[in-house]
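K.L.:
Protein chains in written order, with the numbering used here: chain A, 1 to 301; chain B, 1001 to 1259; chain C, 2001 to 2261.
The hints are simulated quantities; they were obtained by calculation from the structure and are not laboratory data. Check each hint, because a few of them may be wrong.
[As the list claims (entries may be wrong)] Derived pair list, reagent style BS3-like, types lysine-lysine, alpha-carbon separation capped at 30 Å:
{"hint": "1", "chain 1": "A", "residue 1": "Lys245", "chain 2": "A", "residue 2": "Lys284"}
{"hint": "2", "chain 1": "B", "residue 1": "Lys1008", "chain 2": "B", "residue 2": "Lys1021"}
{"hint": "3", "chain 1": "C", "residue 1": "Lys2227", "chain 2": "B", "residue 2": "Lys1148"}
{"hint": "4", "chain 1": "B", "residue 1": "Lys1008", "chain 2": "C", "residue 2": "Lys2193"}
{"hint": "5", "chain 1": "C", "residue 1": "Lys2024", "chain 2": "B", "residue 2": "Lys1134"}
{"hint": "6", "chain 1": "B", "residue 1": "Lys1257", "chain 2": "C", "residue 2": "Lys2101"}
{"hint": "7", "chain 1": "B", "residue 1": "Lys1189", "chain 2": "C", "residue 2": "Lys2225"}
{"hint": "8", "chain 1": "A", "residue 1": "Lys70", "chain 2": "C", "residue 2": "Lys2024"}
{"hint": "9", "chain 1": "B", "residue 1": "Lys1189", "chain 2": "B", "residue 2": "Lys1240"}
{"hint": "10", "chain 1": "C", "residue 1": "Lys2214", "chain 2": "C", "residue 2": "Lys2225"}
{"hint": "11", "chain 1": "B", "residue 1": "Lys1224", "chain 2": "C", "residue 2": "Lys2072"}
{"hint": "12", "chain 1": "B", "residue 1": "Lys1237", "chain 2": "C", "residue 2": "Lys2118"}
{"hint": "13", "chain 1": "C", "residue 1": "Lys2223", "chain 2": "B", "residue 2": "Lys1148"}
{"hint": "14", "chain 1": "B", "residue 1": "Lys1021", "chain 2": "C", "residue 2": "Lys2180"}
{"hint": "15", "chain 1": "B", "residue 1": "Lys1192", "chain 2": "B", "residue 2": "Lys1240"}
{"hint": "16", "chain 1": "B", "residue 1": "Lys1038", "chain 2": "C", "residue 2": "Lys2024"}
{"hint": "17", "chain 1": "C", "residue 1": "Lys2024", "chain 2": "B", "residue 2": "Lys1148"}
{"hint": "18", "chain 1": "A", "residue 1": "Lys283", "chain 2": "A", "residue 2": "Lys245"}
{"hint": "19", "chain 1": "B", "residue 1": "Lys1217", "chain 2": "B", "residue 2": "Lys1038"}
{"hint": "20", "chain 1": "C", "residue 1": "Lys2039", "chain 2": "A", "residue 2": "Lys215"}
{"hint": "21", "chain 1": "B", "residue 1": "Lys1027", "chain 2": "B", "residue 2": "Lys1217"}
{"hint": "22", "chain 1": "A", "residue 1": "Lys20", "chain 2": "C", "residue 2": "Lys2223"}
{"hint": "23", "chain 1": "A", "residue 1": "Lys64", "chain 2": "C", "residue 2": "Lys2194"}
{"hint": "24", "chain 1": "B", "residue 1": "Lys1064", "chain 2": "C", "residue 2": "Lys2215"}
[Said to hold, decoys possible] Covered stretches of chain B (chain A as the covering partner; in silico rule of three or more C-beta atoms under 8 Å from a C-beta of chain A):
{"hint": "25", "stretch": "1063-1069"}
{"hint": "26", "stretch": "1180-1190"}
[What the hints assert, rightly or not] DEER-style ranges, computed between Cβ atoms:
{"hint": "27", "chain 1": "C", "residue 1": "Ile2200", "chain 2": "A", "residue 2": "Lys49", "range": "31 to 37 Å"}
{"hint": "28", "chain 1": "A", "residue 1": "Ala231", "chain 2": "C", "residue 2": "Lys2024", "range": "26 to 32 Å"}
{"hint": "29", "chain 1": "A", "residue 1": "Met273", "chain 2": "B", "residue 2": "Gly1014", "range": "24 to 30 Å"}
{"hint": "30", "chain 1": "B", "residue 1": "Arg1149", "chain 2": "A", "residue 2": "Asp184", "range": "50 to 56 Å"}
{"hint": "31", "chain 1": "A", "residue 1": "Met273", "chain 2": "C", "residue 2": "Ile2200", "range": "50 to 56 Å"}
{"hint": "32", "chain 1": "B", "residue 1": "Val1258", "chain 2": "C", "residue 2": "Lys2024", "range": "43 to 49 Å"}
{"hint": "33", "chain 1": "A", "residue 1": "Lys64", "chain 2": "C", "residue 2": "Ile2068", "range": "54 to 60 Å"}
Quick caveat, the model's predicted, so the values are computed rather than measured. Ideal Cβ placement from N, Cα and C applies to all residues, glycine included.
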Amino acid sequence: MNRTFIEMAGRRLPLSNLEKDLYPSYGFTKAQILEYYRGIAPFMLPHLKDRALTFKRYPDGVDKDFFFEKRCPGHRPVWVNTAEIPQDDGEPMIVCLVNDLETLIWAENLASLELHVPLARAGSPQTPDSMVFDLDPGDEASILDCARVALILRDLLSQIGLVSYVKTSGQKGLHVLVPLNRKDTTFEDTKTFSKTVAGIMQKHYADLVTAKMTKQERKGRVFINWSQNDASKTMVCVYSLRARKKPFVSFPLEWGELENLAGLGDPERLQVMHSEAVSRAEKKGDLFEEMLVKEQKLPHL
Amino acid sequence: MPGGTLWKGYIHFGDTDVPVKLHAAIKEERIQFHLLHKHDQVKLRQQMICAYEKQPVPTEEQSKGFEVEDGKYIIVNPEELEQTDPESNRMIEVHEFVKTAQIDPILLDRVYYLEPDMAGIQGKGYDAFVKALKEMDVEGICTWTMRKRSYFGALQARGKVLRLSTLRYADEVVPVESLGLQEALLSEKELKIAGDLINQLAASFEPRKFENEHQKKLQDMIEKKARGEKIAVLAPKRLKPTESDELLQVLEASLRKVA
Amino acid sequence: MALQGIWSGTISFSLVAIPVQLVKAIEAGQVSFHLLHSKDYSRLSRRMFCPEEKTMVPPDEIIRGYEIVPGKFILMTDEELESVSPERSRTIEIVEFIDMKEVDPIYYDHPYYLVPSKGGEKAYQLLVEVMRRTNKAGLAKFVLAEREYLVAVTSREGALALTTLHYNDEILPDADIAPKKGKIEAEEESRMKKSIEQMIENFNPGKYSDGRRKKLLDLLAAKVKEKAPVEAPAVEEEGGEGPADLVAALEESMRKVKENR
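Bound conformation, chain A alone (with noise of 0.2 Å):
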């Protein structure tokens, strides 16, 4: 095994097996997986701060096996940020905040791809900062499905006063986010409402969208798992990569650029590629940044 250490902040990092190929039908080595990382990080950092970290490690390559880990690894360095979140019976688990850049890229010489974070701040594990609407396609649908379903939510929350955002799953789907930051909502409130819009879209939109989760009624048809919802629930956190065959990520879309795009009627044109991810965010900037400030009340609750 081949290590290497650099210094960061004063802080001596050890990394391994940067030639490693992780990515092997596509060639992204962890080297070019840690330079995306550093060059995203500015975007990134601020969605994945004091959040409950869950790493989906990757340590022979997106076709091996992963390991999927909530605890904080205990052989971690002395300056990786923790909290500890109380569990069920009793014992608290300690979990990594991915807090600064030496402690993402620690995270990534761990060959943790992907990043997934709660919809709560690990101080406040019970108040999610948002809402989200988790649109995944069925078989046979895709994610063109998936847009035209998004953009319909996107009106049907802006009738109801509701300002939303879209980004790529990275995957098949789309995630649709509404923005909350208040201190009184609940995971109660958040599940209740996504529940009932969902409802209602299937209502209206029958052989386009189910709230259910039985496989026979995803058939054809985006679903809308609105039980994502939870405090136990982690999302795959904005900007991070996909452990697919290509390396994508999960990456924000402008509501004028997904309708465009949805009309070309070619699924991979939604989808971002790491290197266009760090330019597009380096040109625009964060469009997910709304997210962390935007204060909106759920109404008619």
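Following the hints, complete the assembly by docking chains B and C onto the known chain A.
P.N.:
Then chains B and C, alone, in the frame of chain A:
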């Protein structure tokens, strides 16, 4: 008095077979507490409770699942798990011999005594093996299975007795680099004084000097309470950390104190 | 930074005190499973259960007791337990320095690392370096989770390692294990030594791995391919349309959305 035989097997390498019996080498004694319900002192039991129904679930209704994604599991049934069990046999297979100094002590896990098993085959191989290991200063690296688990360990001779130590796997040891420790600038003066201090405090290892005083004090406290006596609750002592800029003075003061 | 290690306190030798945290040196490579309720795959958790009242008991209703005679207990609170050895529960006091070569490995129990807490980095590195130069280890006692341990603090690759040791009276005598005086035949001895000689190698522990772990991971990988993983049902899958006001507002909004499209 050593404990009873935990397991029987035979050491194997080349043409050599040495039948042995495994005994515990360590006996830990602890004061055991029970967990009780405060208001009626009923002994509590640990149960597996269902998150939704909030009632205990009996073993027949429990499944083992491996979490692959948030809240998503792959169920593994007992028969499938059994297939991953190692084949059990009685052989302690020696793969190589290595110089004792090459075995990093951090790998040492549990230790057992091996007694020659005199039943059947003559136990003579044992003595010759012990003598050879000692005189060559080597240990036998071996693998074996015991009660459906595979082990990796080292055979070592100490006195006239053969010991079997289980070893941890190399990838289970946390590497020091991963702790992310910083290097510090130390002056030769500080290092010299600290070195002198350590030499002043040097002693030979005499394990008989050390007793588990805490255990005794705990026992006293229990007996006092049993007699109905009041016990004083003392707060733990916390030492004030030595600041970096006073390190040299504190070292010098310490040396004066012990010299 | 929230509590990282298993224990935090101070390590001292003479008047020098260094703030540290104890962290694991061994990460067991076991594949761990969760227990699920077979009928709906909801997660099971370990709780304390009162067999008489047949209910779960929350932590604030639990107390520890020592059974002096069957059914009769001496109760102990956490404060009382912590106060048994107050001076030892937050401090590892090194009282002497020894040569680790004098310690029979049978004394070794469990290894940990000590990492410096904020402000203690310099004193920590000093201790690491000076123990490395003098080739000595510190012997100390400390209390962790209500047990008192005899420990050896060693300098290892630029860090402090702490190994708990067994007490002398915890080591069983081996006098009865050793065989009675037997005579070793010279021929047997030389044959044995020759056999051993042929098998001497340089030790590379990385060669050995846990076969069962690999089999388990292979089994899991195979299962993932044949069937999708199971998920506990979302709570409240059923249960009506939603709050009446919200439904009404959404219906109205949907009407407008369809008009505009």
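K.L.:
Quickly compare the C-alpha distance for Lys1021 (chain B) and Lys2180 (chain C) to 30 Å and report which way the hint goes.
P.N.:
holds, 16 Å
K.L.:
Take a quick look at whether Lys64 (chain A) and Lys2194 (chain C) sit within 30 Å of each other, Cα to Cα.
P.N.:
The given pair, whose Cα atoms are some 45 Å apart, is violated under the 30 Å limit.
K.L.:
Hinted pair, alpha-carbon criterion (30 Å max): Lys1189 (chain B), Lys1240 (chain B). Please report holds or violated.
P.N.:
holds, 23 Å
K.L.:
For the pair supplied as a hint, Lys1064 (chain B) and Lys2215 (chain C), is the alpha-carbon distance within the 30 Å limit?
P.N.:
holds, 16 Å
K.L.:
For the stretch 1063-1069 of chain B, does the count of residues with a C-beta closer than 8 Å to a C-beta of chain A reach 3?
P.N.:
holds (count 3)
K.L.:
Measure nothing beyond the straight line between the CA atoms of Lys2024 (chain C) and Lys1134 (chain B); if it is 30 Å or shorter, mark the hint as holding.
P.N.:
This hinted pair is violated, its Cα atoms lying about 33 Å apart.
K.L.:
Check the hint pairing Lys245 (chain A) with Lys284 (chain A) against an upper bound of 30 Å on the C-alpha distance.
P.N.:
holds, 27 Å
K.L.:
Between the stretch 1180-1190 of chain B and chain A, are there enough contacts, at least three residues with CB-CB distance under 8 Å, for the coverage claim to hold?
P.N.:
Since three or more residues must qualify, the claim that chain A covers the stretch 1180-1190 of chain B holds, with 4 doing so at under 8 Å.
K.L.:
Does the structure keep Lys1257 (chain B) and Lys2101 (chain C) at a Cα separation of 30 Å or less?
P.N.:
holds, 28 Å
K.L.:
Would you check the hint for Lys2227 (chain C) and Lys1148 (chain B), treating anything up to 30 Å between C-alpha atoms as holding?
P.N.:
Cα-Cα ~28 Å, so holds.
K.L.:
Looking only at beta-carbon atoms, does the pair Lys64 (chain A), Ile2068 (chain C) fall within the given range of 54 to 60 Å?
P.N.:
57 Å Cβ-Cβ, so the 54 to 60 Å window holds.
K.L.:
With a cut-off of 30 Å on the C-alpha distance, tell me whether Lys2024 (chain C) and Lys1148 (chain B) pass.
P.N.:
The given pair, whose Cα atoms are some 27 Å apart, holds under the 30 Å limit.
Hints 5, 7, 16, 23, 27, 29 and 32, counting from the list given before, are not met by this structure.
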